[in-house]
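Dock chain B against the given chain A, drawing on the hints supplied.
In order, the protein sequences belong to chains A and B. Under this note's numbering, the first residue of the first sequence is numbered 1, with each subsequent residue one higher. Under this note's numbering, the first residue of the second sequence is numbered 1, with each subsequent residue one higher.
The set of hints was computed from the structure by calculation and includes no laboratory data. Any given hint might turn out to be false.
Cut-off 20 Å, straight-line C-alpha distance, at most; resulting in silico cross-link-like pairs (SDA-like, lysine to any residue) [what the hints assert, rightly or not]:
1. B:K89 x A:I132
2. A:K154 x B:N37
3. B:K41 x A:T174
4. A:K154 x B:I116
5. B:K86 x A:P139
6. A:K144 x B:N24
7. A:K144 x B:S146
8. B:K86 x A:S138
9. B:K89 x A:E173
10. A:K154 x B:S146
11. A:K197 x B:A19
12. B:K86 x A:E175
13. B:K90 x A:T174
Sample of chain B residues facing chain A (criterion: CB under 7 Å; computed from the structure) [stated by the list, open to error]:
14. S21
15. K41
16. I209
Remember, predicted model here, so these are calculated numbers, not experimental data. Glycine residues also receive a C-beta, built at the ideal position from the N, C-alpha and C atoms.
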Amino acid sequence: MIEKIKASKSEKIIFIFIIFLAVFSFGSFLLLKDKCLFVKDYDFQKITFDNPKDIAVLNVPCGNVIIELYPDISPNAVKRFRTLVESKAYDDVAFHRVIKDALVQAGDLEFGKKGNIDYGKIGTGKSGLGTINSETDSPFNFDKGSVGLARTQKYNTEDSQFFIILRDEPLYETEYTPIGKVIYGLKALVKIKYLDKSQYVLRPDYINSLRMLIN
Amino acid sequence: MGLIRLIILSLFIFTHVQADSIYNLIKIPNLEIYEINTSNKLRYLYAKQPFTIGVDNNINCYNSEKKVLDKKYKIIQKNLDRYDQKFLKKINLKYIVLCEDLSISKINTAGISDNIIKTLILDVKFNESYFERVIHHEVFHIINDSYKELFDEKIWSNFNVKKFKYEECSTCTDKLGLDTYKSTDGFFTEYSRSTASEDMAEVFSHLMIGSNLDNIDPILEKKIQFIKTSLLKIDQNFIL
Numbered sequence: 001m002i003e004k005i006k007a008s009k010s011e012k013i014i015f016i017f018i019i020f021l022a023v024f025s026f027g028s029f030l031l032l033k034d035k036c037l038f039v040k041d042y043d044f045q046k047i048t049f050d051n052p053k054d055i056a057v058l059n060v061p062c063g064n065v066i067i068e069l070y071p072d073i074s075p076n077a078v079k080r081f082r083t084l085v086e087s088k089a090y091d092d093v094a095f096h097r098v099i100k101d102a103l104v105q106a107g108d109l110e111f112g113k114k115g116n117i118d119y120g121k122i123g124t125g126k127s128g129l130g131t132i133n134s135e136t137d138s139p140f141n142f143d144k145g146s147v148g149l150a151r152t153q154k155y156n157t158e159d160s161q162f163f164i165i166l167r168d169e170p171l172y173e174t175e176y177t178p179i180g181k182v183i184y185g186l187k188a189l190v191k192i193k194y195l196d197k198s199q200y201v202l203r204p205d206y207i208n209s210l211r212m213l214i215n
Numbered sequence: 001m002g003l004i005r006l007i008i009l010s011l012f013i014f015t016h017v018q019a020d021s022i023y024n025l026i027k028i029p030n031l032e033i034y035e036i037n038t039s040n041k042l043r044y045l046y047a048k049q050p051f052t053i054g055v056d057n058n059i060n061c062y063n064s065e066k067k068v069l070d071k072k073y074k075i076i077q078k079n080l081d082r083y084d085q086k087f088l089k090k091i092n093l094k095y096i097v098l099c100e101d102l103s104i105s106k107i108n109t110a111g112i113s114d115n116i117i118k119t120l121i122l123d124v125k126f127n128e129s130y131f132e133r134v135i136h137h138e139v140f141h142i143i144n145d146s147y148k149e150l151f152d153e154k155i156w157s158n159f160n161v162k163k164f165k166y167e168e169c170s171t172c173t174d175k176l177g178l179d180t181y182k183s184t185d186g187f188f189t190e191y192s193r194s195t196a197s198e199d200m201a202e203v204f205s206h207l208m209i210g211s212n213l214d215n216i217d218p219i220l221e222k223k224i225q226f227i228k229t230s231l232l233k234i235d236q237n238f239i240l
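This is chain A alone, in the form it adopts within the complex (with noise of 0.2 Å):
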């Protein structure tokens, strides 16, 4: 006959004690590879806007990004942005430059759509509809959440591309065609993914979609 050893409380211990870090450590495991857990997703339906009509909604992988626009700032700017935007041709292009905590960059309808993407070429590509001049003279604070339209080195070179900054850059004022401002949902950006070592990232988040909260 087996004789029943009873556990000693100090056994009991460290028996819950593993199943404690069992269900911790798997549990930490769903948690983390969740980016979004806890970034706030942004219902626009229920946020009320002053100037509706020139409220564009990003959505990332972490969820919502409202944009206002500025097209008495930049108006040929926002109008190339608003056309694109309207032709749905940023759904499932590439956030093919992120600069961890600074800036992210999207927009690349030749070379960056998802499916289709060319890592040799990204950052390059074209719209089809042409280059538009840059539109840097007004005053414009670059803070945080600001919008611009990327360039190439030269001056009046602006197409579909464009970049959200992740902090205050200065700097960017007079150099960078503003088109707008973030004004909810910023950390789903900061989610975006990055490469430590290169700008241009490998396998790289995809805008979802966008579209303007009025057609």
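Only chain B this time, still in chain A's reference frame:
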């Protein structure tokens, strides 16, 4: 003590962040903002640490003491404030980098300009006797690079006497003197004789600092008119 460490650490992080942004814009490392709230929107940057740039890393410059920077900044700003924002935009000049012991291929130089990256690097320890004039001299190189078609070197060379020929390059000669001649013979300084571009820059810089033009020769008079006419083609409101 802990608080002091925290402050020092946060300062380091803050400046490092600025250096990254500046590098992304003009591809010169180790720079920080000195002053950006200026009337003509020029952005003054300074070398926090030495930097090396250029083909084969042939351009070097070193960081300066704060008191030197503070003193020279006032002089530089006073002179560059004479160019308004509109003109600076036309000639593609936006960033002024302040550092010392600037050299290109180990030859010391007062300044290096690059209109592509809209940048003028100035050696704040360059000879005080010519310092203000040199600022305008370097600005001219930016103007010249942005408007090559207006400053035709063949037309310019024809102003000189027939037997005169410029050197192949500004550093291909020992004609480096910057003292202004008391009696001119087509040139303001010895350095003017090096190349057409340097000659133009010398004429421009002498005009900008208001040199005495009472006793200049006919050749130099033609050169001055050429520079004035060309500048007005860039900006009708430009005042020498």
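Structure-based check of all given hints:
no.	hint	verdict
1	B:K89 x A:I132	18 Å, holds
2	A:K154 x B:N37	24 Å, violated
3	B:K41 x A:T174	8 Å, holds
4	A:K154 x B:I116	8 Å, holds
5	B:K86 x A:P139	14 Å, holds
6	A:K144 x B:N24	17 Å, holds
7	A:K144 x B:S146	33 Å, violated
8	B:K86 x A:S138	12 Å, holds
9	B:K89 x A:E173	13 Å, holds
10	A:K154 x B:S146	13 Å, holds
11	A:K197 x B:A19	17 Å, holds
12	B:K86 x A:E175	14 Å, holds
13	B:K90 x A:T174	13 Å, holds
14	S21	6 Å, holds
15	K41	6 Å, holds
16	I209	28 Å, violated
Violation of the numbered hints given earlier is confined to hints 2, 7 and 16; the remaining hints are satisfied by the structure.
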